[in-house]
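So the protein lines, in turn, are chains A and B.
Heads up: take any position in the first sequence, counting from 1, add 4, and you land on the working numbering.
Heads up: take any position in the second sequence, counting from 1, add 6, and you land on the working numbering.
Hints were generated in silico from the structure; no laboratory data involved.
Nothing here was measured: the structure is a model prediction, and the numbers come from that model.
Among these hints, one or two may not hold up.
DSSO-like cross-link-like pairs, simulated, lysine-lysine; straight-line CA separation at most 30 Å [said to hold, decoys possible]:
hint	chain 1	residue 1	chain 2	residue 2
1	B	K487	A	K77
2	A	K100	B	K320
3	B	K115	A	K77
4	A	K100	B	K486
5	B	K252	A	K100
6	A	K110	B	K201
7	A	K117	B	K115
8	A	K117	B	K320
9	B	K261	A	K85
10	A	K77	B	K486
11	B	K487	A	K100
12	B	K261	A	K110
13	B	K252	A	K110
Letter by letter, the chains look like this.
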Amino acid sequence: MAYEKKVNELNLKDTELCLGLPGRTEEIKEEQEVSCVKSNNKRQFEETRDEEESTPPTKTQIVGWPPVRSYRKNNSVSYVKVSMDGAPYLRKIDLKTYKNYPELLKALENMFKFTVGEYSEREGYKGSGFVPTYEDKDGDWMLVGDVPWDMFSSSCKRLRIMKGSDAPTLDASL
Amino acid sequence: MALRLPSKVLKHILSFIDSNEDRNSVSLVCKSWFETERKTRKRVFVGNCYAVTPAAVARRFPAMRSLTLKGKPHFADYNLVPDGWGGYACPWIESMAAKSPYLEEIRLKRMVVTDDCLERIAASFKNFKVLVLTSCEGFSTDGIAAIASTCRNLRVLELRECIVEDLGGDWLSYFPETSTSLVSLDFSCLDSEVKISDLERLVSRSPNLKSLKLNPAVTLDGLVSILRRAPQLTELGTGSFAAELKPEAFTKLSKAFSNCKQLQSLSGLWDVLPEYLPALYSVCPGLTSLNLSYATVRMPDLVELLRRCSKLQKLWVMDLIEDKGLEAVASYCKELRELRVFPSEPDLDATNIPVTEQGLVYVSKGCRKLESVLYFCVQFTNAALITIARKRPNLKCFRLCVIEPFAPDYKTNEPLDKGFKAIAEGCKDLRRLSVSGLLSDKAFKYIGKHAKKVRMLSIAFAGDSDLMLHHLLSGCESLKKLEIRDCPFGDTALLENAAKLETMRSLWMSSCFVSFGACKLLSQKMPRLNVEVIDEHPPKTRPESSPVERIYIYRTVAGPRMDTPEFVWTLHKNPEIGVSKLAIK
């Protein structure tokens, strides 16, 4: 197949972009930004995933591709799924449309018709039985509101609004 | 004795000729025509700021009133040109300040502009009227304030997609307190808030204002109050459309828009909520240009808007429009000339791109005047390309970005050679072409053979060998700009077609297989080309035959440039690298 032959001919090592002094290639391996595409991105990806369990899988990136100005990329959507315990189907929201936690929580409240209670750093959400949680890049479930907004919006992969008795209170886990 | 046209008569004739291409031809006829032409040219265009010195331009065109300059290569838009490469506006401004003080208009694209530069412009050109900066960087809002406060005859101030150090919204208050001659103001790329009262007052005292593009920090309330003061606008870029929906807000907005009876162009619409779209319905029938590419609006709200835009000539939209939205465009927007469909999730891994080749086929069939296309989608077919070429032989600009590199025709698994052959052959007036998807050398043989009017060609992840480049350089007669990335070709074709490069403005190649040795050889052979090797690693650390990261080659009468950063290697700058011992096989 011309497809595979083509990519095998591309000698990737020679043309690999390296932003640093020569000789630092080992250290830079973690952040793979290759200028030439690797074939079968997904397949190669899965092979290495078993070996490197400690580092979360990163997207294979090609510099400047697709050719969209970064100005425009900042405005693109980044949808995350939102589930609420007991709701028949999931929703999706674009985190980029919110600038802070109050805006997000208000939108969630409107979407699922509930109220979220008061947040405190010590005790989490109290007063309503609904607890907004999210899954981050490492696959851990976290309480919405603990980290600064920007950190949250870039690491949030999905949201889950836990309800009622399903929502463990913080003291119960101690 | 040969008859000569008296220069007064020639001068009069030339006053009707605006096109610089025509003027360039005129200037080649004979010395006296050259002289008359140069003394009467008012609008000067320099496509590559390193192709000629500012002094030479000022000397040749003493009547210059408008200067347009372009700096970095186009691929700089996609982060392929490292920061600090060049494209500095200052030397030009310095030179013009001294030699062309009557300059009234400056338009810069992809250049580095500093606050000092802007202050110099403000101080040096007494009758300064127009400043348009597109994709520029290096300045702050202080520089803008200097322009606003000093240029008393300022008509146009447009910052288009610039990267500006935003020190706050005060700059707006620097416009003179008396009435201004502003016709167009675009600050859509600035981040911080401007005081609405400052903006209201400025608009109120700018009776000639026709075009206003706000930044996302301007709220809906702000927009309403501006529109009330400027119902004469023909072009509007809104601020952010995200606000809590209150019934009164909606009515006010609707009313404000319905009073803008001359509105032809609409853009901005950041974060627009679908509930607010009906406020725009009243202006739709008059719109000729609509930029929804920042609006995450979906179907069917999009169709409700677009079906009212029967006069639309230019539409920029996100792929959220889906194929069925494009089908609607094909049936309602019969005047459409330009379509751009941008990806809402511009990631390589995105699998959910909701437009397919079918969307573009619909528009090609339904919109007879379509001549310019930019389309992003995941995959394509030869059949679709063939249909598009057959239906729209009048295409002038066709840029297709199949996001999946090396993606073949997904129905037949063949390369997209046949499809692009149809485009090159069928669209005889094609001036700009971007290809993508799986393409063999054959595709480029067809393009070289048929695309005789193509001036700009962009290629990524394509071809099999050197033949690809050879076909293009030897075939495309009108080629002026060629930009290539990640294609497996090397030195031979480049060196064999060296002479062609002097007929072009520039050639960009990155992540290909051009060796440093070939660059040196080319540089030695062709003294009127600047051959720049842009590489983070010094060429000395690798064998001469190993590929360089990027090369940028352009014709120039200015000689080698003196402002190269450390990662740009040229034979002139690095003569210690010496004569090539490499034999070309």
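Structure-based check of each hint:
1. B:K487 <-> A:K77: holds (25 Å)
2. A:K100 <-> B:K320: Status holds; Cα separation ~27 Å.
3. B:K115 <-> A:K77: holds (20 Å)
4. A:K100 <-> B:K486: violated (40 Å)
5. B:K252 <-> A:K100: Between K252 of chain B and K100 of chain A the Cα gap is close to 22 Å, so the pair holds against 30 Å.
6. A:K110 <-> B:K201: holds (28 Å)
7. A:K117 <-> B:K115: violated (50 Å)
8. A:K117 <-> B:K320: Distance ~41 Å between K117 of chain A and K320 of chain B Cα, so the pair is violated.
9. B:K261 <-> A:K85: violated (37 Å)
10. A:K77 <-> B:K486: holds (29 Å)
11. B:K487 <-> A:K100: Judged against 30 Å, a Cα distance of about 37 Å means the pair is violated.
12. B:K261 <-> A:K110: Holds, because 29 Å separates the two Cα atoms, which is no more than 30 Å.
13. B:K252 <-> A:K110: holds (16 Å)
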